[in-house]
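Based on the hints, put chains G and R in the right spot on chain C.
Chain residues, written in single-letter form:
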Amino acid sequence: MKHLISIDQYNYQSLHTLFEKVDKEEYGFIETSYPKKGQIATLFYEPSTRTSASFHSAATQLGYSVLSINEVNYSSVTKGETLEDTIKTIGSYVDLIVLRHGEKGASKRAASISQVPIINAGDGIGEHPTQTLLDLYTIWKEKSKIDGLNITLMGDLKNGRTVHSLIKILRLFNVHINLISPSSLKLPNEYLKHSDQESTQFLPYAATTDVLYVTRVQKERGSKEEYKLSLSELNQLPKTAIVLHPLPRRKELPITFDNDPRAKYFQQIKNGLLVRKALLRQFLENN
Amino acid sequence: MKHLISIDQYNYQSLHTLFEKVDKEEYGFIETSYPKKGQIATLFYEPSTRTSASFHSAATQLGYSVLSINEVNYSSVTKGETLEDTIKTIGSYVDLIVLRHGEKGASKRAASISQVPIINAGDGIGEHPTQTLLDLYTIWKEKSKIDGLNITLMGDLKNGRTVHSLIKILRLFNVHINLISPSSLKLPNEYLKHSDQESTQFLPYAATTDVLYVTRVQKERGSKEEYKLSLSELNQLPKTAIVLHPLPRRKELPITFDNDPRAKYFQQIKNGLLVRKALLRQFLENN
Amino acid sequence: MKHLISIDQYNYQSLHTLFEKVDKEEYGFIETSYPKKGQIATLFYEPSTRTSASFHSAATQLGYSVLSINEVNYSSVTKGETLEDTIKTIGSYVDLIVLRHGEKGASKRAASISQVPIINAGDGIGEHPTQTLLDLYTIWKEKSKIDGLNITLMGDLKNGRTVHSLIKILRLFNVHINLISPSSLKLPNEYLKHSDQESTQFLPYAATTDVLYVTRVQKERGSKEEYKLSLSELNQLPKTAIVLHPLPRRKELPITFDNDPRAKYFQQIKNGLLVRKALLRQFLENN
Numbered sequence: 001m002k003h004l005i006s007i008d009q010y011n012y013q014s015l016h017t018l019f020e021k022v023d024k025e026e027y028g029f030i031e032t033s034y035p036k037k038g039q040i041a042t043l044f045y046e047p048s049t050r051t052s053a054s055f056h057s058a059a060t061q062l063g064y065s066v067l068s069i070n071e072v073n074y075s076s077v078t079k080g081e082t083l084e085d086t087i088k089t090i091g092s093y094v095d096l097i098v099l100r101h102g103e104k105g106a107s108k109r110a111a112s113i114s115q116v117p118i119i120n121a122g123d124g125i126g127e128h129p130t131q132t133l134l135d136l137y138t139i140w141k142e143k144s145k146i147d148g149l150n151i152t153l154m155g156d157l158k159n160g161r162t163v164h165s166l167i168k169i170l171r172l173f174n175v176h177i178n179l180i181s182p183s184s185l186k187l188p189n190e191y192l193k194h195s196d197q198e199s200t201q202f203l204p205y206a207a208t209t210d211v212l213y214v215t216r217v218q219k220e221r222g223s224k225e226e227y228k229l230s231l232s233e234l235n236q237l238p239k240t241a242i243v244l245h246p247l248p249r250r251k252e253l254p255i256t257f258d259n260d261p262r263a264k265y266f267q268q269i270k271n272g273l274l275v276r277k278a279l280l281r282q283f284l285e286n287n
Numbered sequence: 001m002k003h004l005i006s007i008d009q010y011n012y013q014s015l016h017t018l019f020e021k022v023d024k025e026e027y028g029f030i031e032t033s034y035p036k037k038g039q040i041a042t043l044f045y046e047p048s049t050r051t052s053a054s055f056h057s058a059a060t061q062l063g064y065s066v067l068s069i070n071e072v073n074y075s076s077v078t079k080g081e082t083l084e085d086t087i088k089t090i091g092s093y094v095d096l097i098v099l100r101h102g103e104k105g106a107s108k109r110a111a112s113i114s115q116v117p118i119i120n121a122g123d124g125i126g127e128h129p130t131q132t133l134l135d136l137y138t139i140w141k142e143k144s145k146i147d148g149l150n151i152t153l154m155g156d157l158k159n160g161r162t163v164h165s166l167i168k169i170l171r172l173f174n175v176h177i178n179l180i181s182p183s184s185l186k187l188p189n190e191y192l193k194h195s196d197q198e199s200t201q202f203l204p205y206a207a208t209t210d211v212l213y214v215t216r217v218q219k220e221r222g223s224k225e226e227y228k229l230s231l232s233e234l235n236q237l238p239k240t241a242i243v244l245h246p247l248p249r250r251k252e253l254p255i256t257f258d259n260d261p262r263a264k265y266f267q268q269i270k271n272g273l274l275v276r277k278a279l280l281r282q283f284l285e286n287n
Numbered sequence: 001m002k003h004l005i006s007i008d009q010y011n012y013q014s015l016h017t018l019f020e021k022v023d024k025e026e027y028g029f030i031e032t033s034y035p036k037k038g039q040i041a042t043l044f045y046e047p048s049t050r051t052s053a054s055f056h057s058a059a060t061q062l063g064y065s066v067l068s069i070n071e072v073n074y075s076s077v078t079k080g081e082t083l084e085d086t087i088k089t090i091g092s093y094v095d096l097i098v099l100r101h102g103e104k105g106a107s108k109r110a111a112s113i114s115q116v117p118i119i120n121a122g123d124g125i126g127e128h129p130t131q132t133l134l135d136l137y138t139i140w141k142e143k144s145k146i147d148g149l150n151i152t153l154m155g156d157l158k159n160g161r162t163v164h165s166l167i168k169i170l171r172l173f174n175v176h177i178n179l180i181s182p183s184s185l186k187l188p189n190e191y192l193k194h195s196d197q198e199s200t201q202f203l204p205y206a207a208t209t210d211v212l213y214v215t216r217v218q219k220e221r222g223s224k225e226e227y228k229l230s231l232s233e234l235n236q237l238p239k240t241a242i243v244l245h246p247l248p249r250r251k252e253l254p255i256t257f258d259n260d261p262r263a264k265y266f267q268q269i270k271n272g273l274l275v276r277k278a279l280l281r282q283f284l285e286n287n
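Residue numbers (the numbering used here), protein chains in the order written: chain C, 1 to 287; chain G, 1 to 287; chain R, 1 to 287.
Okay, chain C solo, but in the shape it has when bound (with noise of 0.2 Å):
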């Protein structure tokens, strides 16, 4: 693998062969040969500050510096050029880009005249590969496996990114899926399931649930419904499912959760860091 541009690129085996190396990720410095001689680049030409500075933190516990370029559109790399040549100058300075662009494809095209790696940090309506691979981890690792779970999506599975991968990759295992959403924001067919339950209600589903992933309403998007989850409602869980959350959040999870066992919102944003130190150390150290 000489990118990360696609979900698409994994497959059952290779899944538990990353998961294998996220595991041996730590939190913190504790490299043995800090600092290390390189440098990534992270190159975003839509906000994201968050997966910025989860890259950026993850490089720099493997001791390598960061090079951040922001709002590039807004910026001097471009005057205009063209996604190409500011990946082949910005490929001059360093030794792997992740890469956030607004359109669809664009890490693609970026891959295939890049001389250094690119990782796909969000590609518009197409991937966050990354982001997919942390939530994927964050199930392996809290319910020891994902083969037979019981897994409940809930929320925006009509605009949301993050979910669809999600379920795309979820199909390489043997599941059972629940979709529960507002009607006017069901999941599009052709991510649906035969074998899928579908549904506007929550309750019927979480005493079955070993896994409850809700999504945040995409306003930018358009989405006007909003939807919530109440104290009570979670308790309906079993007590050895788990929740999580891509973040941020806004009402979908009441802040009165998040001391309980099963939340592992934040445990997700902490198995990011490690995902992305195993990402980097792979391609930056062929590791």
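Because the hints were derived from the structure by calculation, they are not lab data.
Watch out, some of these pointers could steer you wrong.
Stated by the list, open to error - Label pairs and their calculated CB-CB ranges:
1. C:LYS108 - G:ASP23: 56 to 66 Å
2. R:TYR34 - C:ASP260: 45 to 55 Å
3. R:LYS145 - C:ILE30: 44 to 54 Å
4. C:THR17 - R:TYR34: 30 to 40 Å
5. C:LYS108 - R:GLU225: 33 to 43 Å
6. C:ILE30 - R:GLU225: 57 to 67 Å
Claimed, not checked - Taking lysine-lysine pairs in the DSS-like style, the calculated list, with each CA pair at most 27 Å apart, reads:
7. C:LYS37 - R:LYS37
8. C:LYS37 - R:LYS24
9. G:LYS193 - G:LYS158
Just so you know, these numbers come straight off a predicted model, no measurement behind them.
In this text, a Cβ means the ideal position worked out from N, Cα and C, and glycines have one as well.
Leaving out everything else, chains G and R in the frame of chain C:
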């Protein structure tokens, strides 16, 4: 002390303990254990490049990495998320958060849920304790004491957060305070003490002043008054007096005074670096 | 040399001394004494991510830390303060300042009061000396000499700061210069020499050209003319010619030419890194 939120966390004794520590810090990269394995974040909801640059350099000179997040409100860190969720997220990446926020009390809220130390770098009309500490340290360093000094505060005494915090902490010492301002910009009564001298004129107090602290007109808070000291007025100060200013200045102090040995406002900038190095060391190294 | 303000600080001999030094720099993090204890600031009043990224990587690869301050005018560094006060403040934090400013002469003003070295990274319609040095170094490196070359400058010769500085320094050498531009974008008389060939046509000069330097249309300065070279036109150049462009390009050069061995414009980017490494080393290590 787990977080630095308010100048009220200090008393007469602990201020001197801090000053002795600051006194041992030096300019530049003198650490033998460089780099260190740790990272701070400067999380600035309001722009203040001056303050964030000072913390950045302090951390860097100690050997720590820095994650700079500026203008959070325009960034995607938030997407409507609460300060508390953002603090939990960024606190998953770094070992300490320097927080600048537009709302009074924001640092206290952040500290109440943060897993890493918070340093308040200004919370709206609240406090900016590291500015106050560097002001006070400069007086202590330059005059070898604070008790017994005749201190003249001049300028916009109504709107300046800086000057309010400084006056509050000067009350811990046995000092005489003169307050010079246009009549529309007088110190609010809550900060006034009966022994203070109030005036609209500087010259009557010049000859007895040990420390002259000049503040900036707060144009962004609606002040229209201008005031400035001429070189000949400043020359009425004793040869042993010192002149401070939190910078940036407008026309309050003439550049022709910059090379006068009494001008210590650029020394304040340098002392700010030392104070922040000592504070970061204390919070990150328990030292 | 204490600061780098203008290309006029160089002569025939000192240029060659610099080129020999640049020639010893290498790509990537090859330093044995890594990291180094020092920090530079990139203080950019005008955005130029391309230039600031190049200096950032040069400093990082040498082992120095970087304090990036972009879009100073919108930032709170200034709050109306003078360039001189800002330079004194930032100079208290770092060991060298790379300055980009909108006003001609700003770097000279900064240098006149700065306690640390200033490198001019562009001052309005003034100079951008490191761009000129990397252009000239690329010619020297690729052709093994500068004297005796036939150099064709093509494009907007009226408005380009880059091309004016390059012509000025080429006058130190024994070169023949052809100037190709639309008639509305001719080189100003002050830069013209009687032996120069002026034309609106490229083709008559193609076969004798050793170095073709193509510039960008300066749309931000009001130029509406477009010009572009086709692959077949470029193929009229000798096999040993080289083609340069300061980038970003618009449509002046076709991407189909990028893999031609004569296309050296991405090599210029790489050489810019080497030139800046050599310059930073010189100013920071007296070397």
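Status of each hint after checking the structure:
1. C:LYS108 - G:ASP23: 56 to 66 Å: 58 Å, holds
2. R:TYR34 - C:ASP260: 45 to 55 Å: 46 Å, holds
3. R:LYS145 - C:ILE30: 44 to 54 Å: 52 Å, holds
4. C:THR17 - R:TYR34: 30 to 40 Å: At roughly 32 Å between Cβ atoms, R:TYR34 and C:THR17 fall inside 30 to 40 Å, so the hint holds.
5. C:LYS108 - R:GLU225: 33 to 43 Å: 35 Å, holds
6. C:ILE30 - R:GLU225: 57 to 67 Å: Since C:ILE30 and R:GLU225 have Cβ atoms about 58 Å apart, the given range 57 to 67 Å holds.
7. C:LYS37 - R:LYS37: Cα-Cα ~15 Å, so holds.
8. C:LYS37 - R:LYS24: Distance ~19 Å between C:LYS37 and R:LYS24 Cα, so the pair holds.
9. G:LYS193 - G:LYS158: 15 Å, holds
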